[in-house]
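Protein chains: 4
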Amino acid sequence: MQHSYRLIIACPDKVGIVAEVSRFIAERSGWLLEASYHSERESNRFFMRNEIAADSLSVSIDAFEEEFQALADKFEMEWYISDSSRPKRVVILASHASHCLADLLHRWHRKDLFCEVPAVISNHQNLKSMVEWHGVPYHYVEMTKDNKLESNAKIDALLEECKADVIVLARYMQIVPPELCRKYAGRIINIHHSFLPSFIGANPYQKAHDRGVKLIGATSHYVTENLDEGPIIEQDVVRVSHRHTKEDMVRFGKDVEVQVLSRGLRYHLEDRVMVCGNKTVILD
Amino acid sequence: MQHSYRLIIACPDKVGIVAEVSRFIAERSGWLLEASYHSERESNRFFMRNEIAADSLSVSIDAFEEEFQALADKFEMEWYISDSSRPKRVVILASHASHCLADLLHRWHRKDLFCEVPAVISNHQNLKSMVEWHGVPYHYVEMTKDNKLESNAKIDALLEECKADVIVLARYMQIVPPELCRKYAGRIINIHHSFLPSFIGANPYQKAHDRGVKLIGATSHYVTENLDEGPIIEQDVVRVSHRHTKEDMVRFGKDVEVQVLSRGLRYHLEDRVMVCGNKTVILD
Amino acid sequence: MQHSYRLIIACPDKVGIVAEVSRFIAERSGWLLEASYHSERESNRFFMRNEIAADSLSVSIDAFEEEFQALADKFEMEWYISDSSRPKRVVILASHASHCLADLLHRWHRKDLFCEVPAVISNHQNLKSMVEWHGVPYHYVEMTKDNKLESNAKIDALLEECKADVIVLARYMQIVPPELCRKYAGRIINIHHSFLPSFIGANPYQKAHDRGVKLIGATSHYVTENLDEGPIIEQDVVRVSHRHTKEDMVRFGKDVEVQVLSRGLRYHLEDRVMVCGNKTVILD
Amino acid sequence: MQHSYRLIIACPDKVGIVAEVSRFIAERSGWLLEASYHSERESNRFFMRNEIAADSLSVSIDAFEEEFQALADKFEMEWYISDSSRPKRVVILASHASHCLADLLHRWHRKDLFCEVPAVISNHQNLKSMVEWHGVPYHYVEMTKDNKLESNAKIDALLEECKADVIVLARYMQIVPPELCRKYAGRIINIHHSFLPSFIGANPYQKAHDRGVKLIGATSHYVTENLDEGPIIEQDVVRVSHRHTKEDMVRFGKDVEVQVLSRGLRYHLEDRVMVCGNKTVILD
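Protein chains in written order, with the UniProt record's numbering: chain A, 1 to 284; chain B, 1 to 284; chain C, 1 to 284; chain D, 1 to 284.
Since the hints were derived computationally from the structure, they do not count as laboratory data.
Hints should not be assumed to be uniformly reliable.
[Said to hold, decoys possible] Calculated lysine to any residue pairs in the SDA-like style (CA-CA distance at most 20 angstroms, straight line): (1) D/K111 <-> A/H99; (2) C/K246 <-> D/P231; (3) C/K128 <-> B/S129; (4) A/K246 <-> D/Q2; (5) B/K111 <-> C/M1; (6) D/K14 <-> B/P12; (7) A/K14 <-> C/S36; (8) A/K207 <-> B/K111; (9) B/K246 <-> C/T245; (10) C/K246 <-> B/Y267; (11) A/K246 <-> B/S39; (12) B/K207 <-> A/L227; (13) D/K88 <-> D/C162; (14) C/K111 <-> B/N226; (15) C/K246 <-> B/Q2; (16) B/K74 <-> B/S129; (17) D/K279 <-> C/N278; (18) A/K88 <-> A/V275; (19) C/K14 <-> A/L57; (20) A/K128 <-> D/R110; (21) C/K246 <-> B/F114; (22) D/K207 <-> D/C162; (23) D/K207 <-> C/N278; (24) C/K128 <-> B/V136; (25) B/K14 <-> D/K14; (26) A/K207 <-> B/S56; (27) D/K246 <-> C/L33.
Using the sequences provided together with the hints, build the complete structure.
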C-alpha cells in the first residue's frame with residue numbers, strides 16, 4: 001500500500017470548492033491517487049475525499065495542514081487529514097458467537113485489514129484462546145442484570161486505555177449506554193443480522209422465517225442511541241427458500257454478516273464513510 | 001413444451017404418501033418429468049407436485065382423476081390436476097405506469113409466458129393503444145373517490161366475464177375490496193415496490209431514500225385483506241448508493257419489479273406455488 | 001432532468017489537471033452537478049467527467065468551449081462537451097429475436113432512456129409492426145450469403161442518413177464489416193449472450209449447458225474487428241442449476257441480456273464510458 | 001441435527017423407480033425428512049436422494065441395506081447409504097495462502113461444517129501454528145521440482161493413513177498426479193480462483209484485470225486429470241470496476257473463494273452432489 005494522506009472535507013456546497021482545494025494540493029505538488037466528492041442536494045452539503053501520494057508533496061504534512069486552515073475557514077469546512085501509514089486502533093466487543101470476531105481477526109492477521117487490534121472485550125470466556133492465539137489481549141468483563149453500570153464503566157476505561165479509534169460490535173448482543181454512543185459518535189460500528197429496516201430488534205432470523213421472506217440480509221451501521229436506527233454503512237442479502245429452517249438461515253446469515261461487517265469496517269478504516277444526517281456517503 | 005398433467009397435493013404429513021402416490025402413477029405407466037415435495041415441519045403439512053408426461057399414461061386423465069379420489073380421501077388431501085396444455089386466463093389490472101404491464105404483455109407475446117390474457121382493466125386511458133396492439137381488449141373503468149363501490153362491481157363483473165383464473169396487479173395502485181380478495185384467494189398477485197416487510201404502504205422508494213438503505217427491492221405476493229402482508233412469492237434487490245436520487249431508485253426499481261412479478265407469475269402459472277399459512281412453498 | 005453540459009477529458013496524467021479544470025469551470029460560475037475522475041496507473045492516462053449545470057454558467061457554452069482549448073492544448077487532452085438536452089441518435093440493428101429490441105424501445109417510449117431512435121434496421125420482417133407502433137421507421141435489409149457486401153453498403157447508407165451517433169446490435173446475429181467497425185469505433189454496442197470471455201462465438205447457452213456452469217451471464221461491449229473481444233461495458237449473471245435445460249437458460253438469459261444492454265447503453269448515452277486500451281472506465 | 005440415513009441412487013431412468021423405492025422405505029416405516037430426484041434427459045439417467053429419519057425405521061439399517069439389494073439389482077442402481085451421524089474425514093491440502101484453510105477450519109470448529117479433519121498437509125510451514133491451534137495435525141511435505149514423485153507418494157500414504165473420505169485443495173497450487181485423481185475420483189474438491197471456463201490456468205486475477213471484466217468469480221469443482229476441467233459444483237461472482245487493481249481483485253476474490261469452496265464442500269458432505277458425465281447434479 002502506497003503511503004498517502006487523505007484529506008477529508010465536509011462543508012456547505014458552493015461554486016469553487018473543488019477548484020480551490022485542488023489548486024491548494026497542486027501548488028504543493030500533491031499527486032492525487034484517488035479523489036471523489038459528492039454533493040448532497042437536499043441538505044446542500046458537499047463531501048470530498050482526496051488521497052494524496054505522501055512522497056509527492058513539496059511541503060511537510062504539518063505545513064500543509066497549517067496552511068490549509070485558511071481555506072477551511074473560508075468554506076466553513078469540517079475537515080481532517082488522515083495518514084494512511086498510521087493504523088487505526090480497533091477494539092472489538094464480542095459475545096459468545098465467534099464468526100464475526102474470527103473473520104475480522106483473520107483478515108487483520110493475513111494483512112487484508114490495515115489496523116491495530118489492541119483488545120477484544122467480551123462478556124463471555126469462550127473465545128479467549130482464539131483471540132490470544134492472534135496475539136490480541138482478551139478482556140473478560142462479566143455482564144449481569146445487576147452490574148451493567150459498573151461493567152460499562154470498566155469497558156469505557158478499557159477503551160480509553162486502548163486509545164480506541166473505532167469500536168466494532170461483532171455480534172455483541174449488549175446495549176451500548178447512551179453516553180458511550182455520544183462519546184464515540186460515528187466511530188462505533190454494529191452488525192445487525194437483518195436487512196434493516198426489516199426485523200429491527202431481537203431474533204431477526206426467527207422473524208424472517210415467520211414472515212416467509214425469500215432473501216435474508218445483514219446491515220452494518222453506526223451505533224446511535226436509537227437501537228438499529230443509526231446510519232447504514234453497508235448491506236447485503238442471500239437467497240433462502242421454504243426448505244430452509246431458522247437454523248439454516250442463521251448459518252447462511254453468518255456469511256452475509258461477516259461480509260457486510262468487514263466491508264463496512266474497511267470503508268471506515270480507509271476514511272471513506274461520511275455521515276450526513278442519518279445516512280452515509282461512501283466515497284469510493 | 002411437452003404436454004403434461006400436474007398432480008398437486010397438500011395434506012397432513014404421514015409415512016407412505018410418496019410411496020402410494022408414486023405407485024398410483026406408476027401403475028398407470030405415468031412418466032415423471034419432474035417431481036418434488038416438501039414437508040413443513042411446524043404445521044406438519046405435506047406438499048407434492050408431480051409433473052406426468054401426458055402421452056405416457058395408460059388411462060385417460062378423467063379415469064386417472066376419478067380413481068385417484070380414493071387415495072386422496074385416505075390421506076385427507078386437498079388436490080387438483082392441471083393440464084399443461086390449457087393456458088390459465090390472466091387478467092391484468094393496471095394504472096398509468098407501463099413497465100410491468102408492457103413487460104408481461106411482451107413475455108406473453110414472445111411466448112415466454114404460457115397463458116391467455118383475456119383483458120387488461122385500468123382506471124387510466126394512457127396504455128390503451130399499447131395493450132390493443134398486442135390484441136388484448138382494454139377496459140377503462142373510471143375510479144374516483146365517489147364511485148369505488150360501483151367501479152369495483154364493474155371490475156368484478158369483467159373478471160367473471162373473462163373467466164379469470166389469475167389476477168395480476170401490475171402497479172395497480174388501488175385497494176382491492178375484501179370480498180374480491182376472498183373470492184380470488186391465492187389467485188391475485190401483486191407487485192409491491194419494496195423489499196417487504198420494509199417500507200409497507202405508499203411511497204416506498206421515498207422511504208428507502210430517506211432511510212439511506214444500500215439495496216432496494218421488490219416483492220410479489222398474494223393479495224389478502226391485509227395490505228402488503230399476504231404470502232410472499234418472490235423477492236429481489238438491486239444495489240444503490242448515496243449518489244442515487246429517489247428518481248434513480250424508482251427507475252432501478254422498475255427493473256427489479258418486472259423481474260420479481262414475472263417470476264412470481266410464472267411459478268403460479270406452472271402450479272408451483274402452494275400457500276401454507278402466510279408463507280409460500282415453491283416446488284421447483 | 002436538469003439541463004447540463006458534460007465536459008469529458010482524457011489525457012496523460014499530471015499534477016494539477018483537476019485544479020486547472022476545476023478553476024476554469026469555477027471562474028465561469030459553473031456549478032458541478034457531478035464530477036468524477038480516474039487515473040489509470042498502468043497507462044498513466046487520466047480520465048475526467050464534469051457535469052455542469054447549464055444555467056449556472058456566466059458565459060455561453062460556445063465561449064466556454066473556445067476558451068477551454070488553451071487548457072486542453074496545455075495538457076494534451078482529448079476532450080468534448082456534450083449537451084444533456086440533445087438526445088443522441090441511436091440506430092438499432094436487430095434480427096428476429098424481440099426481447100432486447102422491445103425492451104429498449106419500451107424504455108425509450110416511457111422516457112427512461114433519453115435518446116432518439118431514428119431507425120431500426122433488420123434482416124427479418126417479423127418485428128416491423130412492433131417497431132412501427134412505437135413510431136420508429138423499420139428498414140428491412142435482406143441479408144443472404146451472396147448479398148452481404150451490398151446489404152452492408154445499404155446499412156452504411158442508412159446509418160449516414162439517420163445521422164447515427166450510436167449503433168446498438170440488439171441480438172443482431174450478423175458480423176459487422178471491419179470498415180463499419182472502424183468508422184463507428186467506440187460507438188457500436190453489442191450484447192453477447194455469455195459472460196465473456198467464457199463461451200465466445202455461436203451458441204453460448206448450449207456451451208454453458210454442456211459445461212455445467214452454475215451461473216450464466218451476458219456482456220455488453222463495444223464492437224471491434226475482433227469478434228466478442230472489444231472493451232466490456234457491463235456484465236451480469238443469473239444462477240442456474242442442473243434442472244435447467246438449454247431452453248430455460250435461453251429464457252433466463254434474455255432477462256440478463258436486456259439488463260446488461262440497457263445499462264451499457266445508458267452509460268454511453270450519459271457520456272460515462274471512456275475506452276482505455278481494451279478496457280472501459282465507467283465514470284459514475 | 002437429526003440422525004438420518006441418506007439413500008443415494010443413480011440408475012437408468014424408468015417408470016416406477018420412485019414408487020418402488022418409496023414403497024420400500026414406507027414398508028419399513030421410514031419417515032422422509034427430505035427427498036429429491038432428478039431425471040437427466042440427455043443421458044436418461046435418474047438420480048435420487050432420500051433422507052430418512054433414523055429412529056423412524058422399523059428395521060436395522062443393516063437389514064434395510066441387505067434387503068434393498070434386490071431392488072437395486074432390478075433397476076441396475078449404483079447406490080449407497082450414508083449415516084448422517086458419521087462425520088466424513090476431510091484432509092485439506094494447502095499452500096501458503098491462509099484464507100480458504102482458515103475459513104474451513106473455523107466453520108468446522110464452530111460446528112457449521114459436520115466432518116472430521118484428521119490432517120492438513122502443506123508444502124509450506126507458515127500455517128502450522130494456526131492449524132495446530134485448532135487441534136489438527138499439520139504435515140509439512142516439502143515439494144521441489146526434483147522431489148515431486150517422492151512427495152506425492154508421501155501425500156498418498158498420509159491420505160491412506162488418515163482414511164480420507166474427501167480431499168480439499170484449499171488453494172493448494174500444486175498439480176495432483178493422475179493416479180491420485182483416479183484413486184479419489186469424485187472425492188477431491190478444488191477451488192479455482194476464476195469463474196470457469198474463463199481464465200483457466202495460472203494467474204486468473206491478472207487475466208481478469210487485463211481483460212477488463214466487470215465481475216470476477218470462483219469455482220469449486222471435482223478434480224480430474226484435466227486441470228480446471230472437472231465437474232463444477234458451485235460458482236459465484238462479485239462486482240469489480242476499473243477502479244480496482246489486480247490486488248483489489250485478489251482480495252475481493254478471497255471472499256468469493258471461501259464462499260464457493262465451503263458451499264461446495266457442504267453439498268458433498270451432505271451427500272448432495274452426484275456426478276453425471278462432466279456435470280454435477282446437486283440434490284437439495
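Hint by hint, here is what the structure shows:
1. Annotation: proposed proximity of D/K111 to A/H99 holds, straight-line Cα distance about 11 angstroms (limit 20 angstroms).
2. The suggested pairing of C/K246 with D/P231 holds, with an alpha-carbon distance near 18 angstroms, which does not exceed 20 angstroms.
3. Distance restraint check for C/K128 and B/S129: the Cα-Cα separation of roughly 17 angstroms lies within the 20 angstroms cut-off, and the hinted pair is therefore satisfied.
4. Between the alpha carbons of A/K246 and D/Q2 the distance comes to roughly 15 angstroms, so the proposed pair stays at or under 20 angstroms and holds.
5. Between B/K111 and C/M1 the CA atoms are separated by roughly 36 angstroms; this puts the pair beyond 20 angstroms, and the hint is violated.
6. A hinted pair counts as satisfied when its Cα atoms are at most 20 angstroms apart, and D/K14 with B/P12 does not qualify at roughly 29 angstroms.
7. A hinted pair counts as satisfied when its Cα atoms are at most 20 angstroms apart, and A/K14 with C/S36 qualifies at roughly 17 angstroms.
8. The straight-line distance between the Cα atoms of A/K207 and B/K111 is roughly 39 angstroms, outside the 20 angstroms bound, and the hint therefore fails.
9. For the proposed pair B/K246 and C/T245, the alpha carbon gap of about 39 angstroms is over 20 angstroms, so the pair is violated.
10. Taken as a hint, the C/K246 and B/Y267 pair is honoured in the structure, with Cα atoms around 19 angstroms apart against an allowance of 20 angstroms.
11. A C-alpha spacing of about 15 angstroms is found between A/K246 and B/S39, which places the hinted pair at or below 20 angstroms, so the restraint holds.
12. For the proposed pair B/K207 and A/L227, the alpha carbon gap of about 19 angstroms is at most 20 angstroms, so the pair holds.
13. Restraint check for D/K88 and D/C162: satisfied, since their Cα atoms lie roughly 11 angstroms apart, inside the 20 angstroms limit.
14. Using a Cα cut-off of 20 angstroms, the hinted pair C/K111 and B/N226 is violated, with the two alpha carbons roughly 34 angstroms apart.
15. For the suggested pair C/K246 and B/Q2, the alpha carbons sit about 15 angstroms apart, so the restraint of at most 20 angstroms is met.
16. Among the hinted pairs, B/K74 with B/S129 is inconsistent with the structure: their alpha-carbon atoms are about 53 angstroms apart, more than 20 angstroms.
17. Of the pairs offered as hints, the one joining D/K279 and C/N278 is violated, with about 33 angstroms between alpha carbons and a cut-off of 20 angstroms exceeded.
18. Simply put, A/K88 and A/V275 have alpha-carbon atoms about 18 angstroms apart, close enough for the 20 angstroms limit, and the pair holds.
19. Proposed proximity of C/K14 and A/L57 is supported: the alpha carbons are some 14 angstroms apart, at most 20 angstroms.
20. At roughly 14 angstroms between alpha-carbon atoms, A/K128 and D/R110 fall within 20 angstroms of each other, so this suggested pair holds.
21. In summary, the hint linking C/K246 to B/F114 is supported, as the alpha carbons are separated by about 18 angstroms, within the 20 angstroms threshold.
22. This hinted pair does not check out: D/K207 and D/C162 have alpha carbons roughly 37 angstroms apart, beyond 20 angstroms.
23. Of the supplied pair hints, the one linking D/K207 and C/N278 holds, its CA atoms being roughly 13 angstroms apart against a limit of 20 angstroms.
24. Only pairs whose Cα atoms come within 20 angstroms are accepted, and C/K128 paired with B/V136 is accepted, the gap being roughly 19 angstroms.
25. At roughly 26 angstroms between alpha-carbon atoms, B/K14 and D/K14 are farther apart than 20 angstroms, so this suggested pair is violated.
26. A threshold of 20 angstroms between alpha carbons decides the hint, and for A/K207 with B/S56 the separation of about 45 angstroms lies outside it, so the pair is violated.
27. Proximity of D/K246 to C/L33 is assessed by CA-CA distance (about 31 angstroms); at most 20 angstroms being required, the pair is judged violated.
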